[in-house]
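In the working numbering, the protein residues as written are 12 to 328.
The set of hints was computed from the structure by calculation and includes no laboratory data.
Any given hint could be a false lead.
Using 16 Å as the maximum straight-line C-alpha spacing, the simulated EDC-like pairs for lysine to aspartate or glutamate come out as follows [stated by the list, open to error]:
1. K257 / E267
2. K239 / D249
3. K239 / D207
4. K239 / D212
5. K239 / E253
6. K239 / E250
7. K239 / E217
8. K239 / D209
9. K257 / D232
Here the structure is a predicted model, which means the values were calculated and not measured.
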Amino acid sequence: MADVATLVEQARQGRPRAVARLITLVENAAPELREVMAALAPYSGRAYTVGLTGSPGVGKSTSTSALVSAYRRLGRRVGVLAVDPSSPFSGGALLGDRVRMQEHATDPEVFIRSMATRGHLGGLAWAAPQALRVLDGAGCDVILVETVGVGQSEVEVAAQADTAVVLLAPGMGDGIQAAKAGILEIGDVFVVNKADRDGADATARELNHMLGLGESRQAGDWRPPIVKTVAARGEGVDELVEALEKHRGWLAETGELDARRRRRAAQEVEAITLAALRARIGDLHGDRHLDALAGQVAAGELDPYAAADRLVAELTS
Numbered sequence: 012m013a014d015v016a017t018l019v020e021q022a023r024q025g026r027p028r029a030v031a032r033l034i035t036l037v038e039n040a041a042p043e044l045r046e047v048m049a050a051l052a053p054y055s056g057r058a059y060t061v062g063l064t065g066s067p068g069v070g071k072s073t074s075t076s077a078l079v080s081a082y083r084r085l086g087r088r089v090g091v092l093a094v095d096p097s098s099p100f101s102g103g104a105l106l107g108d109r110v111r112m113q114e115h116a117t118d119p120e121v122f123i124r125s126m127a128t129r130g131h132l133g134g135l136a137w138a139a140p141q142a143l144r145v146l147d148g149a150g151c152d153v154i155l156v157e158t159v160g161v162g163q164s165e166v167e168v169a170a171q172a173d174t175a176v177v178l179l180a181p182g183m184g185d186g187i188q189a190a191k192a193g194i195l196e197i198g199d200v201f202v203v204n205k206a207d208r209d210g211a212d213a214t215a216r217e218l219n220h221m222l223g224l225g226e227s228r229q230a231g232d233w234r235p236p237i238v239k240t241v242a243a244r245g246e247g248v249d250e251l252v253e254a255l256e257k258h259r260g261w262l263a264e265t266g267e268l269d270a271r272r273r274r275r276a277a278q279e280v281e282a283i284t285l286a287a288l289r290a291r292i293g294d295l296h297g298d299r300h301l302d303a304l305a306g307q308v309a310a311g312e313l314d315p316y317a318a319a320d321r322l323v324a325e326l327t328s
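With the hints as extra help, turn the sequences into a complete structure.
Set out below in C-alpha cells:
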C-alpha cells in the first residue's frame with residue numbers, strides 16, 4: 012500500500028482509488044489515521060456539505076442521484092457518502108454503492124462511497140466526520156450525505172451537514188412522522204418528492220402549516236422553503252439546487268456557516284477524546300485500583316459517583 016503522503020497527493024488529483032483507500036483507513040481506524048488527518052487538514056473546510064434524510068421510500072437515493080447530475084451540469088466535483096445499514100455478519104454496508112447512482116460511476120468528477128452504520132445510533136457511521144474530511148480534502152466542491160432513514164434519531168444528520176434536507180412523500184403519513192421525529196427543527200430545506208402523486212399539494216400545505224406553528228423566528232432568520240420534485244424524472248431538481256444555494260448564501264452572510272462548522276469540529280474532537288479515554292479505562296479493567304473501587308461500590312462502602320471521580324483523577328493524573 013502507498014504511503015499516506017502519496018495517497019493524499021493522489022486523492023488531491025481526484026484519483027478514486029486513492030480516495031477509497033483513505034476512507035478505508037478511516038473506517039478501519041487504522042494506525043495511519045492520525046497521519047491521514049494531519050495531511051488533509053490544510054485542505055479542509057472548502058466543500059459544501061448537504062445532508063439528505065427522510066423515511067425509507069421517499070426517494071433519497073433517487074434525489075441524491077438527481078442532485079449529482081444537477082451539480083455536475085454546474086461543473087462541480089461531487090462526493091456522495093451513502094450511509095447504509097450494516098450486515099449483522101460482515102459489518103459491511105448492506106446496500107453497497109446505490110444502484111440508482113450507477114449512472115455516475117464512470118464520471119471521474121463524482122466519487123460515491125457507501126459506509127456501514129456498524130450499529131451506530133442515528134444512522135450515521137461513527138467514521139462519517141473523518142470520511143467527509145477525506146472527500147473535502149480530495150477537492151469535492153459539494154458533498155452529499157445520504158442517511159439510512161430509519162428511526163427517530165435521524166436528526167444526527169444535521170450535525171454533519173452545512174444544510175439539512177428533509178424529504179417527504181405524499182401518502183406516507185410523513186407529516187405526522189415529521190412532527191414526531193423532531194425533523195421539523197433540523198430541516199433547512201424541505202422536499203416533497205414524488206409530487207406527481209395524489210396528495211402532494213396537501214402534504215406541502217400540511218408541512219407549511221406545521222412549520223408556521225413552530226415558528227419563533229426573528230427578522231433575518233432563515234425560513235425553510237418547501238420544494239416539490241419528481242426526482243426520478245429530474246423535475247424540480249434545479250429549484251432544489253437554487254434553494255440550497257440560497258441557504259448556503261444565507262449561512263455565509265450571517266456567520267452561521269462558520270458557527271455550524273465550529274460546532275461540528277467540537278463534536279468531532281470530543282468524540283475522539285472520549286474514545287481515547289474509553290481505551291484508557293479499558294486498559295484499567297485488569298488494574299487492581301479499578302477492582303478495589305468496584306469492590307467498595309459493591310460492598311456499599313463507596314457510591315459509584317465518588318468511585319468514578321477517583322477513576323477520572325487516576326486517568327488524568
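The hints, checked one at a time:
no., hint, in the structure
1, K257 / E267, "holds, 13 Å"
2, K239 / D249, "holds, 11 Å"
3, K239 / D207, "holds, 9 Å"
4, K239 / D212, "holds, 9 Å"
5, K239 / E253, "holds, 13 Å"
6, K239 / E250, "holds, 9 Å"
7, K239 / E217, "holds, 13 Å"
8, K239 / D209, "holds, 13 Å"
9, K257 / D232, "holds, 13 Å"
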